[in-house]
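Novice: Take a look at the letters that make up each chain.
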Amino acid sequence: MNRGFFNRFDLTLFITTILLVTTGIVAIYSATYGGTSVTDFYVKQMIFAVVGFCIVIVLTYLPPRYIAQSSYILYIISIIMLLLVLKFGKVINGNRSWFYIGGFGIQPSEFAKIATVLALSNFLSNSEEKKDPNKLLNFVRAGLIVAIPFILIKLQPDTGTSLVFLSILIPVLFWAGLNPFWVLALISPVMIAILAFLGKTYFIAGLVLILIMLFFFKRGWLWSSAILVLNTIIGFSVSKLYLNLKPYQQKRIEALFDPSADPLGSGYNVIQAKVAIGSGGFFGKGFLLGTQTQLKFIPEQWTDFIYCMVGEEFGFLGAIIVLTLYCILIIKFINNASLSKNKFLSLSCIGFGTIFLVHVTINIGMTIGVMPVIGIPLPMLSYGISSLLSFLFMVGIAMNAYRNRNIYLT
Amino acid sequence: MDTQNKKLYFFGLVGLILISLTGRLAFLQLLNQGDFGKESMKNAVKTITETPARGLMYDRNGKVMVDNRPSYTLVITPSSFDKANIEEVANLVGMPFDEIKTALEKIKGTNRFNPAKIKRDLDFKTISYLSENKERLKGVDYQVEALRTYPNNFRASHVFGYAKEISEKQLEKQIGDYYTQGDMIGSDGLEAKYEETLRGEKGYKFMSVDVKGREMGSYNDGNSDIKPVNGSDLVLAIDSDLQEYAEKLMGNKRGGVVAMDPRTGEILCMVSKPDYDLKIFSGPTDSKQFATLINDVDKPLFDRVIQSKYPPGSTWKPMMSMIGFSSGELTPKSTITCEGSFTYGGRTWEDHGAFGPITVVTAIEKSVNVFFYKLGLKCGIDNYNKYASIYNFGKRTGIDLPNETYGLLPSQEYLDKVFGKKGWNQSVMINLGIGQGELLVSPIQLACYCAAISMNGIYSQPHLVQKVKNSMTGEEEALKFDQRKINMSQDWFDVVKKGMFLVVNGTGTARNIKSDEYVLSGKTGTAENSRGQNHSWFIGFAPFDDPRIAICVLGENAGFGNAFAAPIAGSLMVRYLSGNKMDVYKEDTTGGVND
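Going line by line, the protein sequences match chains A and B.
Under my numbering, think of the first position of the first sequence as 1, with each following residue one higher.
Under my numbering, think of the first position of the second sequence as 1001, with each following residue one higher.
These aren't lab readings, by the way, just hints derived from the structure by calculation.
Have a look at the derived ranges for each label pair, beta carbon to beta carbon:
1) A:19 / B:1102: 36 to 42 Å
2) A:240 / B:1005: 37 to 43 Å
3) A:240 / B:1178: 47 to 53 Å
4) B:1030 / A:63: 47 to 53 Å
5) A:282 / B:1101: 35 to 41 Å
6) B:1034 / A:200: 32 to 38 Å
7) B:1202 / A:101: 32 to 38 Å
8) A:76 / B:1034: 54 to 60 Å
9) B:1030 / A:209: 26 to 32 Å
10) A:19 / B:1031: 27 to 33 Å
11) B:1032 / A:5: 44 to 50 Å
12) B:1030 / A:90: 40 to 46 Å
All residues carry an ideal CB built from backbone N, CA and C; glycine is no exception.
Make a model of the complete structure from these sequences and hints.
Specialist: Printed below as a string of structure tokens:
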């Protein structure tokens, strides 16, 4: 092959993806090994990995304008699917988020992620003047694009996936030119709420941090003090609200942060997951030899808790390798976004990179006990056809952005 | 802010997350590995499944008909089993090497730490050998299980049915996940129909084991264990003495007998011949013996009482009379002239005599064909279908056994479909009038209809099981079955029953079974069979004034109704009414008379 090929083909991203998908198949094989009825999950995952890589190749070579042009249509289709699934979907684990067609479950929310990022990117890249995110009307419009699928998914009620949607908005707007001051204004209340819950010291430290940042922005005392007051109010009302909750509700929230508070209930998964990973040691117990994994101590270990298998059977070494692969992948997304001269593809890469980052952080964080249990899959490792295909779709777009990085017009 | 700067923000965020996650991983896996490692060792729990004994079956007088006996089953726990020992185990239990290997491969689908059943019914010598060599033969063990045993001198194979090891297909198709490989599941007869009642609920004992699979005592002091619930017992309506007698009378003939209490629908005895030895299915099922049963041309696995369907022949005549009354084509007093044969559309249908103008009573008594040829023609297919279906013809009676046939009650649509809209005419009604032609019925349908006639229209759902007895609490629960009143005039039942009375007690076709002690009534039937000798039918009830038993007997290719079926039915009715004392059976040697 000539140098021109590699010049336009993102080999690093491609190989990283292959390594992660392969690890996923191996992990699913082990997690379902000797199971009762689910022994063929790894085969299904393999088949759809092949399908997914075909999608990656097709997307790499597709003219970018086709993707941009179809983004709104895809978005509308996704919204219709989300409406339909609320009415006709199958309930699994308490969420009405699945269609069942010919033995395969399809999760419209996974595909809505793609469509939402594409639609948002298309909206923000259409014509430079009008789409300045610092203008209130544009900001509200962009917010609506994300809010509609967010609400529909929250109704399923799949809280985990809906949070992923919310997380897209600020990074993409920031990339599109939203002033960092507004980013701070949007993020700080969430941060303060969590810190206030953790304790007074955290809360005060958070407030001080915000104060320092406000000072550096120099946006005038009116806006700055408004944000500070708002955050202070939020901080105080969080602990008030918490005390007004019923004891069992308090316990549930407590267990989000401290699993030992409810070891047989919601904390069970986290404790078992931590034991699995912790007992892995440096080199792990060996493939198919993890007692936690093989004795099926961890529920859903082939989907949301797949990282336990990696940590237990392949040890710290395996866990770090997987984590590093994700970092390479996410950095490639950001890099391709900054290389691309096509604003639509650039914004899409940032959106997708954010989705990867949020999934990896929340999922791995949850299995090692530093994040609350929010049921979202580990990208390309967890079993799940819809999520595998949608993550590979994102990789395809990033490959396309790399290939067409020097072309300005769509 | 330019793109390069923005990129740095993102990189910073990614770096921060990478560092915190790595730090946390190092904390868990490198610094605390010891603690978590111990935790995970403690964590390994072995589940021992405790299979409850299946419920027993009693007859109506409390006599045990289906019992359990203890037996030893070889189990292998794959996680600790050394495959080098396969050969020794194979020789020990007398199982081919390959069979054990395939059985072990099948286990792959289940938890490797759970023992899987390999072979049932080990002898004592094998058990002692296993105990002596326990240390060496790791992962090989035995479990006590209950197997079926049948302590009486009769088989009732089709009534009891059998439980056998669950097949891979059944495992895949099961709803829920109760069954695992090696479990027994009711596969035919009552064992299948009442599977969930009989099987009980499995229990689970949890043992702490270390990673090597060594037991470290019971987990959580046994507080997490789930005790098995024994299967509940069935109390059947079957009278075991009558059952034994009926099987003896049927001998090695092919056919079926079913007797019921017409007042309740309770089945008193039920025989389908040829039958099979249920012992084949208890203990290690021999695949060769099973194959022989399946391939036998006489179909011993087939339950003739509820699954066979033949034309009812003249046993249909009381039904045809009810159709005639209901459609207004017949009254108890009206006469039809019988000339000895009947010609319609250029074709002639024969009879076994010329009887002149007669009423329905005589027509039933002497089984006069011309009477019913003409009546069938008058009523037409729509009335025929409408009124016969009230007696559940063409429907299931709802007996508590699996795979009951519907039989076949022809209708206008059916004939249109089979022959085409113009391919048939009214002449089909001539044959249908005497219970021949397209009409097909099962013995259980005939027995229920005969019972309903004897009870002046009270139709009871036939059933084998009276009560379910909870084996843990001893409480009995009576099962509920349907009973309905057929809305037809008492005058009609009176004349039809008078005809059936005269069949036995007058100058009718079954006067050979007249009893001095009990007033029997009934109707013979002979189903023409184009492929061989006729099928012999008899339906009857007794005593005439206060029926306590209704019966249907079928003899495949056994000739005239009064030659084979009537003597068996008569003797059974007498036997039952005499409290299982009298035996009046005399085999027919005359060849019988045409009905």
